[in-house]
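Protein chains in written order, with the numbering used here: chain A, 14 to 312; chain V, 62 to 260; chain Z, 248 to 981.
A hint or two may mislead.
[Unchecked claim] Here are a few chain V residues that face chain Z, going by a calculated C-beta distance under 7 angstroms:
1. Ala141
2. Leu212
3. Glu213
[As the list claims (entries may be wrong)] Derived Cβ-Cβ restraints for the label pairs, each shown as a range:
4. Z:Asn781 - V:Gln231: 36 to 46 angstroms
5. V:Ser174 - Z:Thr830: 43 to 53 angstroms
6. Z:Gly483 - A:Leu74: 46 to 56 angstroms
Keep in mind that the hints were calculated from the coordinates and are not lab data. Glycine included, C-beta positions come from ideal geometry on N, C-alpha and C.
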Amino acid sequence: MLSETRLQPDPLREDTYSFLPVWRRLGLQLVILSAALLLIVLLGVFLQPRLDAQLGRLLSLTTAAMPVVLWLYASVLPEYRVARPRRRLIGVAAVSALTASAIGLPLVQEFFRVQEWLPLQSVFARILGYTLTAGAVDAGLKFAVLRYLIYPQSLRVRGDAIAYAFAGAVGYSGFMNIALIWQLEPTWDTAAIYLLANLTIQLASSLFIALGIVESYFSDAYPLVLPINVLAAALSTGLITALVGGFMSGPLSTAGNTDRPLFAFALLLAAIILTLAAVYFLYSNSERREREAYSSQWN
Amino acid sequence: MEFETGRSPAIQLTPRQRWAIAITYGLIVLGLALGVNLRDGSLNLASDYRNLEAGISAKYPARWLLEESGPFIFRVRDMAYRGFNTLIEVSAAPVGSDTTERNLLDQLTLQRSQVLIDYSVLGYEDYRLADGSAAISMSYSFVSRDSNPFLEGVSSIVYGLDILTIRRGQALIVAFRADAAIYLRELDTLRWFVQNLEF
Amino acid sequence: MKNLRLSALLLILFVSVTVWPQGAVTLDADRIKRATVFIYQARSVNNDLVIKCVSSGTLISADGLIITNAHSVLPSQQCDGDQLIISLNVDLSEPPIPKYRARISSADDGLDIAILRITRELDGRLIASGELPILPFADIGNSDVVAIDHNLIAAGFPDLGNQAAAITRGTVTAFISEPSGPGPAWFKTRAEIPGTMSGGGAYNSAGQLIGIPTNAPAGRSAAASCRYIADTNRDGLVNSSDNCVPTGDFVSTIRPINHARSLIRGARNNLSAQIISAPAEMPPPLNPPRASRLFFAPSVSDGSPSTVVGSMPSNTKSLFFFFDYDNMTAETVYELRVSRDGIPDPTFSLPPVRWSGRENGLWYIGSREQAWANGAYEFTLLFNGTSVGSRRIIVGGGADNSSQFSDIVFGTLDQSGSLVGNGSILPLGDIASARFLFANMRNGLPWSAIWYFGAVEVARSADLWSDGSHGAKVIRVAPNGGLLPGSYRLELYVDGALSATSDFFVSGTPAGPLPEIFTRLRHTTADTPAAARNAPALSSFPTSIPTLYALFDWHQLAAGTPWTLRWLVDDQVFFDSTNPWHTIESGADFTVSLANPPDGSYKLQLLVNRLKLIEQEVTIGIGQLPIDRLARFEGTILSGRVFDAAAGIGMPSITIVLISADFTASEFEWREDQIFALATTDRNGNFQFARPLAFDTFYSVVIEADGFIPHAADEFWFSADQPYADIEIAMVRG
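Turn these sequences into a full structure, and let the hints steer you where they fit.
Structure follows, in structure tokens:
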């Protein structure tokens with residue numbers, strides 16, 4: 014029996030060492046990014062540096078490039094050192110960025126004109142509105158990208174879905190960040206908040222999509238599981254987009270008001286942690302169930 | 062410690078997976094449709110205006126500021142727009158048996174040229190009201206500037222359109238003004254307003 | 248402890264409100280500067296506006312009333328402009344910026360005060376009623392309570408519009424009295440006030456306007472106080488061939504604001520009285536102005552000297568310099584130079600100012616309640632820069648025990664031999680009597696009395712004194728043909744030296760204690776003055792009558808007799824005009840009018856030589872002036888900046904809605920009647936509510952802008968110690 018085991022190694026174990034692990038790298042990147050962006054925000058809040066507009070924009074663009082560079086370094090390059098790399102990461106990121114540029118942003122800004130009516134609504138209406146507009150657009154586009162680029166041909170393990178979804182989030186938010194810096198010309202510290210917000214929104218949305226794909230593809234789950242996850246993705250976009258503005262905007266009084274970047278930062282960190290925790294829990298659960306099913310089948 | 066399980070790529074999707082994808086697309090389309098509906102509902106949300114004394118009822122965009130004190134019956138302004146606040150103003154003017162619509166429009170031109178910067182009439186056109194009756198419209202432009210002398214007011218080029226009709230011995234003038242940058246888009250609001258105007 | 252420090256630091260970093268402390272000097276100075284304007288008088292020449300004269304001015308009402316000197320805005324030989332351009336202090340650290348055009352609402356060229364009203368935009372567009380933004384303005388104080396050594400702040404523009412508004416601090420060093428009005432005619436100060444600040448404001452330490460720094464700019468020939476600033480003749484050069492803008496020398500005289508109250512009140516209520524029956528203005532005198540009969544008096548009674556003195560004892564606190572004048576006009580510049588022991592004495596000197604008297608008469612200039620140091624004083628009088636006479640007086644030594652007459656009053660004798668009358672106006676008759684006091688007289692001392700009718704001597708008596716040393720004496724005159732209407736004068740001499748003199752007028756017919764000069768005073772309304780003469784007299788009128796007419800008959804009023812038409816509304820004078828009588832001696836239906844009078848109680852008074860002879864009151868509408876909600880500058884002026892939190896830059900064209908205290912933000916339904924005030928940000932995101940927020944009143948604020956999270960805040964209130972609040976509002980993209 015033992016020899017048989019050696020002759021026929023556990024395919025799961027073999028695959029495990031062939032694929033680049035996803036979660037730890039994802040978590041590490043988020044920690045590094047959050048720390049760097051927090052540093053910039055604190056710099057802005059407490060030292061209030063007066064930067065030349067050109068320098069500010071250059072720093073903002075450099076900061077916007079950070080998630081992409083970090084992702085290339087920590088998630089893409091290592092792929093080429095493992096036996097079975099995920100070859101379509103850059104493609105997914107690039108196509109996601111292009112869809113954001115060609116469809117996502119124009120649809121939200123020009124067609125839905127969310128900036129004209131949504132900010133003036135109540136919090137609940139804003140959540141609903143952003144969910145059904147920006148959330149639906151973003152989730153739909155990112156799902157479509159994953160569907161046509163990696164689903165199912167590039168899905169070998171659950172981690173693939175997470176890795177590609179992360180790539181989609183990096184690409185999509187990367188373009189959104191550049192557009193934001195170009196359109197709003199934010200100060201460096203405010204840019205850091207908005208960059209984190211975009212990344213959080215896209216990452217949360219992508220992770221839910223990935224979870225849906227994992228469940229649907231690897232567990233052959235009930236057909237509603239994937240759409241529910243995509244819905245959750247859209248909802249997460251609506252929720253974070255609607256709340257981050259409210260958290261950022263301080264209450265008005267006779268003393269005036271100021272923006273509250275630290276409040277917004279805390280909200281975004283909480284959103285990242287909660288999303289990661291929720292998705293990881295469901296992901297692990299799904300994986301555990303399958304491993305248990307596989308083990309029972311194997312034994 | 063990260064632990065991953067794997068399986069061979071499936072070439073063919075199961076019916077469940079196909080259904081899942083289809084439902085997902087359907088859900089996205091449904092969501093977008095609801096989004097469009099929500100957008101239209103918000104952008105076209107209307108408030109009602111009734112003035113029994115003047116015999117006028119109208120709908121105007123919600124959250125526009127309603128004003129009734131001034132040389133007009135009522136006026137509504139979009140205070141959220143960052144620039145010249147788009148406005149629609151309804152006023153009445155007495156007419157004599159010899160008064161023509163052009164007389165009234167020329168009178169408006171003379172008055173406005175005294176108070177508006179660079180007021181210039183662009184042209185006259187016939188206008189058909191919602192009930193099919195004829196009216197005349199006059200388009201014009203001027204420069205708007207905040208008059209507070211202690212602030213560095215921003216000048217805006219404003220396009221305007223007056224729709225004038227004479228009924229029951231008085232002229233009803235619907236004046237519409239919007240920032241030149243959004244004038245064409247805002248014309249839809251005017252058309253909608255005129256369609257819902259009863260007098 | 249560290250946490251505490253960090254909290255304090257965070258608090259400082261996060262709270263970006265600036266509330267200006269009340270009572271701080273900077274607060275008053277800023278407010279004063281905001282109300283200060285720079286005025287160009289310009290003339291249209293070949294489509295160009297050529298600057299003719301400049302002056303400072305002060306906004307005195309939120310709806311654009313400005314007070315300034317008349318000499319720089321009224322058309323004159325020196326300032327022949329036809330446009331008035333008003334520059335405002337948009338930025339207190341920057342020179343003023345031309346913003347509006349104004350017209351003269353009312354003016355008194357003698358007092359050298361004009362009230363302007365902003366009526367047009369700079370480009371000439373008419374400003375519709377109520378369309379002018381509410382402007383900052385100065386509170387008007389009471390100049391009668393100003394005392395010597397009180398602090399004084401003068402505000403204005405120190406040059407030809409190249410610098411920001413400036414304030415100069417000083418004290419009131421002296422009062423100067425003239426016959427031109429009640430109270431001091433001038434305050435003197437040693438504060439260094441540049442000539443272009445003439446017309447600006449003089450404030451007390453509470454920031455209230457108490458006077459107008461006033462000088463008379465020197466003529467065009469005076470190069471030192473005249474600037475060539477533009478190529479007005481288009482010869483490619485800016486030189487002495489171009490138009491010269493007079494700037495004047497340093498200002499040391501301040502016209503007390505109380506002299507301007509009636510003008511201000513009239514302008515504020517748009518009350519424009521017109522004397523319809525008066526003939527066209529008399530031609531200006533051809534001969535140069537001149538002065539004669541210079542003398543001193545220790546006090547003044549009803550415009551006349553109590554006695555005539557040649558010296559004053561030590562500790563003198565009151566001294567007046569009298570002179571007769573002739574051929575004067577409102578454009579005549581007069582000046583008094585006083586020196587003590589050969590050294591110029593700026594305290595009692597009067598720098599060049601516009602003439603505020605009539606064409607001819609008796610004038611005085613002097614001071615009360617101010618110590619005159621011992622010494623030999625020389626008073627030199629100058630008209631248009633030319634000396635027209637001088638007189639010396641010694642102050643010092645013991646009390647004056649010389650023989651003297653004083654305190655002449657005129658009247659008629661009743662049957663018991665007592666003098667009756669009002670002291671200065673007598674009705675037509677045969678005999679005029681005068682009573683005077685005498686002191687330190689000795690029997691046998693030669694004395695004489697000379698009576699004049701106009702400039703012609705009509706009676707003279709010379710005798711030896713026989714009435715003892717002290718007492719009162721009555722003398723009389725009975726001219727051939729009786730007392731004709733006109734001006735009379737009595738001069739009393741002791742031992743050949745003038746000791747007392749006084750003038751009186753003969754007018755009207757005898758009727759009790761006062762002569763009957765004006766009769767049948769009545770009010771009516773009509774379309775034309777001619778129709779008014781036949782319209783029935785009324786005592787109450789409905790609201791919105793086009794014109795209120797007042798008519799009266801007059802009797803035996805000689806040409807040249809100074810008469811006063813005074814009109815009051817709600818017991819406050821808004822028109823007070825004293826002129827020589829210029830029409831026939833007797834007549835009917837003299838007509839004056841008041842165009843578009845608002846509701847109120849109107850009282851018309853007619854006076855001769857300061858003596859009220861007749862008055863009548865009528866009511867219009869509710870009989871009370873409408874309440875001017877902008878009349879008081881009380882409340883918090885809220886200004887601030889709205890900025891994009893992302894970019895950190897100001898957001899233009901954002902509307903800030905201040906909801907009235909009756910509604911909360913959640914109750915706000917975007918209706919105009921719920922709004923207290925609106926403000927819109929400028930290109931830098933700055934805004935200012937034109938209307939002050941009442942203290943301790945709860946307002947709500949709503950700010951909505953496409954693309955941004957809206958603000959809605961209740962309990963937006965400021966206490967009475969926050970007259971200004973400047974807030975920063977961050978807008979966050981939604």
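Hint by hint, here is what the structure shows:
1. With a least beta-carbon distance of about 4 angstroms to chain Z, the hint placing Ala141 (chain V) at the interface is held under the 7 angstroms criterion.
2. Below 7 angstroms, beta-carbon pairs count as interface contacts, and Leu212 (chain V) has one with chain Z at about 4 angstroms; its hint therefore holds.
3. Because the beta carbon of Glu213 (chain V) sits about 4 angstroms from the nearest beta carbon in chain Z, less than 7 angstroms, this interface hint is met.
4. The supplied range of 36 to 46 angstroms is met by Asn781 (chain Z) and Gln231 (chain V), whose beta-carbon atoms lie about 40 angstroms from each other.
5. A beta carbon spacing of about 45 angstroms between Ser174 (chain V) and Thr830 (chain Z) agrees with the range 43 to 53 angstroms that was offered as a hint.
6. About 54 angstroms separates the C-beta atoms of Gly483 (chain Z) and Leu74 (chain A), a value consistent with the hinted range of 46 to 56 angstroms.
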